[in-house]
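First to last, the sequence lines map onto chains A, B and C.
In this text, residue positions in the first sequence follow numbering that gives the first Met the number 0: the first is 0, and each later residue adds one.
In this text, residue positions in the second sequence follow numbering that gives the first Met the number 0: the first is 0, and each later residue adds one.
In this text, residue positions in the third sequence follow numbering that gives the first Met the number 0: the first is 0, and each later residue adds one.
Just to be clear, a hint being listed does not mean it is correct.
Partner residues are not named here, just some residues of chain C that face chain B (Cβ under 8 Å, in silico) [to be verified]:
id	residue
1	Leu12
2	Ser18
3	Gly28
Under the rule of at most 30 Å between Cα atoms (straight-line distance), these lysine-lysine pairs were calculated in the DSBU-like manner [stated by the list, open to error]:
id	chain 1	residue 1	chain 2	residue 2
4	B	Lys238	B	Lys250
5	A	Lys1	A	Lys16
6	B	Lys9	B	Lys83
7	C	Lys26	B	Lys250
8	C	Lys26	B	Lys238
9	A	Lys13	A	Lys1
10	B	Lys9	C	Lys26
11	B	Lys83	B	Lys250
FYI, nobody ran anything at the bench for these hints, they're computed from the structure.
These numbers were taken from a predicted model, which means no experiment stands behind them.
Heads up, the beta-carbon is just placed ideally off N, CA and C, and yes, glycines get one too.
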Amino acid sequence: MKRLFADIGLITSKDLKIELRSRVLTNQVAPFALMILVLFGIALDADQQSLRNFASGLFWISVLLCALMAISRSMTIERDDEALVGLNLSGVDPIAIFLGKTCAIAIQLLVLEIFLGVGIILLYRSEVEDLWLLVATGLFACIAVSALGTIFGFLASGLGVRETLLPILLLPLLLPVLIGATRAFDDALGVAAINGWNWFAFVAGLTVLLTGVGAGANYLLAEN
Amino acid sequence: MTVPITTASKGSKILGITSIIGFAVLILLAFFVTDPDIRFHPETGEEFGQFDAVRLLYLHVPMAIVTYLAFVICAIASAGYLIKRTFWWDSMAHAAGEVGTLTCALVLITGSIWGRPVWNTWWEWGDVRLMSTLILFLLFLGYLALRGAFVSPQRAARPAAIVALIAVLDIPLINRSVEWWENRTLHQKSTLSELKIEDLTLFTLMLGILVSVLVMSWLILHRFRVAWLEHMEFEQGVKSAIEERRHIDNKEQ
Amino acid sequence: MTHLGYLIAGWGLSSLVISIYAVRLLKRGARLSARVPAQNARWMSSPKQDGG
Numbered sequence: 000m001k002r003l004f005a006d007i008g009l010i011t012s013k014d015l016k017i018e019l020r021s022r023v024l025t026n027q028v029a030p031f032a033l034m035i036l037v038l039f040g041i042a043l044d045a046d047q048q049s050l051r052n053f054a055s056g057l058f059w060i061s062v063l064l065c066a067l068m069a070i071s072r073s074m075t076i077e078r079d080d081e082a083l084v085g086l087n088l089s090g091v092d093p094i095a096i097f098l099g100k101t102c103a104i105a106i107q108l109l110v111l112e113i114f115l116g117v118g119i120i121l122l123y124r125s126e127v128e129d130l131w132l133l134v135a136t137g138l139f140a141c142i143a144v145s146a147l148g149t150i151f152g153f154l155a156s157g158l159g160v161r162e163t164l165l166p167i168l169l170l171p172l173l174l175p176v177l178i179g180a181t182r183a184f185d186d187a188l189g190v191a192a193i194n195g196w197n198w199f200a201f202v203a204g205l206t207v208l209l210t211g212v213g214a215g216a217n218y219l220l221a222e223n
Numbered sequence: 000m001t002v003p004i005t006t007a008s009k010g011s012k013i014l015g016i017t018s019i020i021g022f023a024v025l026i027l028l029a030f031f032v033t034d035p036d037i038r039f040h041p042e043t044g045e046e047f048g049q050f051d052a053v054r055l056l057y058l059h060v061p062m063a064i065v066t067y068l069a070f071v072i073c074a075i076a077s078a079g080y081l082i083k084r085t086f087w088w089d090s091m092a093h094a095a096g097e098v099g100t101l102t103c104a105l106v107l108i109t110g111s112i113w114g115r116p117v118w119n120t121w122w123e124w125g126d127v128r129l130m131s132t133l134i135l136f137l138l139f140l141g142y143l144a145l146r147g148a149f150v151s152p153q154r155a156a157r158p159a160a161i162v163a164l165i166a167v168l169d170i171p172l173i174n175r176s177v178e179w180w181e182n183r184t185l186h187q188k189s190t191l192s193e194l195k196i197e198d199l200t201l202f203t204l205m206l207g208i209l210v211s212v213l214v215m216s217w218l219i220l221h222r223f224r225v226a227w228l229e230h231m232e233f234e235q236g237v238k239s240a241i242e243e244r245r246h247i248d249n250k251e252q
Numbered sequence: 000m001t002h003l004g005y006l007i008a009g010w011g012l013s014s015l016v017i018s019i020y021a022v023r024l025l026k027r028g029a030r031l032s033a034r035v036p037a038q039n040a041r042w043m044s045s046p047k048q049d050g051g
């Protein structure tokens with residue numbers, strides 16, 4: 000068990016170190032996220048009220064789009080020199096590879112969520128009514144997205160068309176997460192009179208379930 | 000030895016002919032024997048109902064049932080593949096997935112065509128089944144795209160099986176979340192349940208289901224055989240390439 | 000008959016799509032059958048034809 004956590008930490012820190020050095024997240028994905036927020040603003044004709052009403056949906060669509068980039072990126076660093084094969088042969092438990100990669104993507108997504116969160120407050124004038132609901136939902140939803148994303152990244156790894164395949168495989172499956180997280184955010188940002196914590200509970204349940212499904216799929220994928 | 004020139008067999012021919020006859024009978028019943036759905040308002044006596052548009056349901060509902068059936072077969076065959084790891088299961092999953100996607104598209108299209116005169120809209124965001132079916136369709140488009148992305152059918156088998164299983168597990172979640180999501184809008188009552196179901200209507204609907212199951216079986220059977228042949232051809236190609244290589248090596252020595 | 004256009008569109012399109020798919024499957028099957036040895040196409044071989 001101790002070994003497992005050590006391995007997870009190792010994989011996570013490896014990926015994050017590569018990310019920190021290459022600065023893809025800060026130099027490419029974050030500007031892309033900002034660009035999406037600006038584009039939505041322009042497309043919706045900078046109508047302040049609409050932007051405030053749709054802020055949670057726009058936020059989560061931006062997160063999903065950025066997640067696709069982050070997942071693609073996370074798989075690309077393994078593809079070079081067949082690193083994923085090397086990793087699998089290195090004796091590290093496949094579950095540690097899966098969870099480690101999931102953690103690394105989740106941490107990057109969390110940074111992006113904070114960035115986008117500040118973005119919608121500044122650009123769309125969203126007002127935070129329930130900060131803890133925002134934080135809790137943001138945390139769990141990004142784990143769910145990362146877990147499922149990592150598995151689909153593994154599934155499609157080695158395919159030349161991965162970048163285009165990933166969205167159509169992943170996005171329909173993530174629809175429940177999108178719905179739950181958006182509704183929870185609607186409540187937390189005070190644009191809908193609903194019980195956001197119920198939606199958070201749904202997202203949290205989905206996160207546990209999808210991570211479990213991911214781990215199971217990873218087991219099936221790794222065995223020979 | 001007779002050389003097979005098609006994927007047809009005696010059984011599949013009987014199945015095909017039965018389907019065609021069944022379809023002809025279905026058209027006869029659906030268009031000419033059954034009555035249109037006309038009801039009268041109890042107080043004003045005004046005519047209302049789906050009128051002749053109801054005849055679309057004899058096609059739409061059976062195809063929806065067949066679509067779900069095909070996806071269930073796909074999921075079972077995928078699980079079968081993961082347990083047995085034989086190409087038979089993989090071909091079956093592929094065949095059922097492809098046929099299911101095709102009928103799913105038709106379910107969405109016929110539903111939309113029916114919805115226009117009855118609900119007065121091509122698309123109803125507030126309907127859970129409609130939304131879930133669309134997402135299901137998109138999921139299986141992804142499934143087929145994943146299969147298509149692999150060059151060798153063997154390498155596609157495992158990822159595809161896992162995707163199919165995850166997709167089928169996700170369906171109840173999608174259904175649930177869409178249901179909660181759309182609850183904030185006015186819920187559309189199920190139009191089928193308020194339809195007066197008479198003996199003949201019910202019989203036509205049942206015949207429609209039977210015919211659709213026959214057609215689906217025929218399609219899956221032939222698609223399965225095509226997948227099987229493709230697999231054989233691929234293996235043959237690999238084998239002959241190895242042979243050729245060996246031949247060259249022997250010459251060089 | 001009311002809604003005749005909708006009926007024709009729905010039934011016609013469905014039959015057409017399924018027919019096209021079926022014909023394409025048969026053609027594909029025939030093309031592949033010609034290339035793959037008969038003993039691999041199990042549905043064709045009755046016990047008598049086996050080993051031929």
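Practice prompt. Output the numbers, in ascending order, of every earlier hint that fails for this structure.
Written response: Structure breaks hints 2, 7, 11.
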